Each structure stands twice: as C-alpha cells, then as structure tokens.
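For the protein sequence lines, the chains are A and B, in the order given. Mapping the first sequence onto numbering that gives the first Met the number 0, position 90 (from 1) lands on 89, and the numbers just tick up by one. Mapping the second sequence onto numbering that gives the first Met the number 0, position 86 (from 1) lands on 85, and the numbers just tick up by one.
Treat each hint with caution, since some may be false.
Unchecked claim - Using 25 Å as the maximum straight-line C-alpha spacing, the simulated DMTMM-like pairs for lysine to aspartate or glutamate come out as follows: (1) A:122 <-> A:98; (2) A:122 <-> B:113; (3) A:122 <-> B:53; (4) A:92 <-> A:121; (5) A:104 <-> B:41.
It is worth saying that the hints were derived from the structure and are not from the lab. Remember, it's a predicted structure, so these values are computed and weren't measured experimentally.
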Amino acid sequence: MLLEAFPGKKRRGISLTPLIDVVFILLLFFMLSSDFMHWRQISLSSANETESKPDSIQLIRIESDTGELSHEGKRYALQDLAGLSALIASDPKAVYAVEAVPGVKTQTLVSVLDQLHKAGADKVSMTGVLP
Amino acid sequence: MNFTGQEIPRKDNGDDQLIPLINIVFLMLIFFMVAGQISEQDAQFIAPPESISETPTDADAPRVLIDADEVLWLNDQQITLEELEAPLVKAFEQAGDPESFSIAVKADGQVPVETLQAVMRSIKAAGFRRITLLTQPSGEAS
Chain A
0 MLLEAFPGKK RRGISLTPLI DVVFILLLFF MLSSDFMHWR QISLSSANET ESKPDSIQLI
60 RIESDTGELS HEGKRYALQD LAGLSALIAS DPKAVYAVEA VPGVKTQTLV SVLDQLHKAG
120 ADKVSMTGVL P
Chain B
0 MNFTGQEIPR KDNGDDQLIP LINIVFLMLI FFMVAGQISE QDAQFIAPPE SISETPTDAD
60 APRVLIDADE VLWLNDQQIT LEELEAPLVK AFEQAGDPES FSIAVKADGQ VPVETLQAVM
120 RSIKAAGFRR ITLLTQPSGE AS
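So here's chain A without its partners, still in its complex pose:
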C-alpha cells in the first residue's frame, strides 16, 4: 500500500477553466466596447463675435475640392501657407468667412479652416453661420 502513502501528491489544483471563461468574457466585453478614437472639436461659429463687432469680414471662397481658394479675385492654393499668411497679415483682426462652392467635402473645409488658423487667423467662420 505504498501507493497511498503520499495523499498530498494526488491533490489537484483549482481548475483553470472557469477562470478562463470569465477572463474571455471580460476580454470580449472590453474589446467590443472600447473606443480608441480621440475626439476633438472645432468651433464653427465664433461665439465671441457678438461681444466685439468685427472690423471687417474677409470672404474666402473654396473653389474646388482639391483646395483652390480665392479671395477678392486672387487665387491661392491650400498648401500655400506663405501666401495665406501674407493675406492674413494684411488684416489680422478681420473675421475670415469661408464659403464653398457646391460639391466641396467637409474634410476640405476643415483643412482650409486649419490652414487659416496656421496662417494666423484668429476668427474663422463659415458664411452660413455669420450673425
């Protein structure tokens, strides 16, 4: 009866299967409900406009979806940051109202707004929202 001499060796540890079940369910839950997108926002209507009346409104028109801009007959390219900076430096206090021809996509509009901000414009708005 040496077989029974060490009963401790026969003891089995806790079964891992229920643990794995629970961990898998938790994993699935977190994988499906997690959101890795970091949302940011841009203001489309400058809320401060009502407080101080802008001196002037400069109209910038998006001519095509590829990013051609025009301002008082002069044409600018979206990537032409130096040209846009020069335009804005001539009247930095003005509200820059952006309007677009039909067919321009939201992404292009957002890129134009970004580019104007980079070029130094403080107040950028869409014409549809001007007071």
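Since chain A is already given, all that's left is putting chain B on it; use the hints.
Just chain B now, kept in the frame of chain A:
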C-alpha cells in the same frame, strides 16, 4: 511500484498547457481595460474629418450625426432637418449650464459642405449660437 508516476503528470498537463494562453489573454485584457475608453456607440459608423484642433470635446453637448449618406441622426434616432429643432430645444431646457450649452455636429468627412451648412442653418434658426464640429487628430499632424 511506479504506478503513480504515470497517472499524476498526465492530469496536470491539461492545465499546464493553458497557462501561456491565460498569460496572453490577461495581457490583452489589461491592455483593453487601460487603453480603451468605454463610450457610447454611434448609430452609424462615420469617418470624421481630420484636423489639427486640440480642443477637447464637450461631453454634455447633444450630438447631431450626419453619416456619409447625408442622413441625420440624433440620439440614435433617424431624424429629418425639419424635426431637428424640438429635441434640441428640449435638450437646452434640461441642460445644467445654459450659458455654455453647445451643439456638436458629427459629420462624415465626405459629406458635402451644403449639407453641413443646411444643418447648421437649421440649428441656428432654432436659436443656438454655439455649434462645433467634431474632428479627430490627423495622423501626420506635426
């Protein structure tokens, strides 16, 4: 008298082989718990426009969603441009801080600007001045 020597290791082997699996699953679990944020899912998947903006979003703002097919959604309900005013006014009345109440527009990057402007005109006609557009940081932003 070596009978026991063959029985016991075979029983243990079943769980022993699972330990690497459990390690990986635990690591993934911890990653998703720590790195992900649990948030409400949108009614429609949209690809938001990319922007350099770093302004964090206002969590309390009602979100008007415009999907790539130019369909409007508010609180997971499909809605038309004409019906938009009433629920927004209701949300404004229930807002804790009316001063900073804003309305967030979540539009797909491929939505034409006319559609976006029509929605904004409609929101503005309802009397709301603060309108924001939700974006995501661009990958190649410097």
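Q: Below or equal to 25 Å on CA atoms is what counts here, so check residue 122 of chain A against residue 53 of chain B.
A: It holds: about 16 Å lies between the C-alpha atoms, which stays within 25 Å.
**Q.** Pair hint outcome, residue 104 of chain A versus residue 41 of chain B [Cα-Cα no greater than 25 Å]
**A.** At roughly 21 Å apart (the allowed maximum being 25 Å), residue 41 of chain B and residue 104 of chain A satisfy the hint.
**Q.** Given hint residue 98 of chain A paired with residue 122 of chain A - CA-CA distance at most 25 Å
**A.** 14 Å, holds
(Q) Check the hint pairing residue 122 of chain A with residue 113 of chain B against an upper bound of 25 Å on the C-alpha distance. (A) 21 Å, holds
Q: Starting from residue 92 of chain A, check that the Cα of residue 121 of chain A is at most 25 Å away, please.
A: 7 Å, holds
The structure agrees with every numbered hint stated previously.
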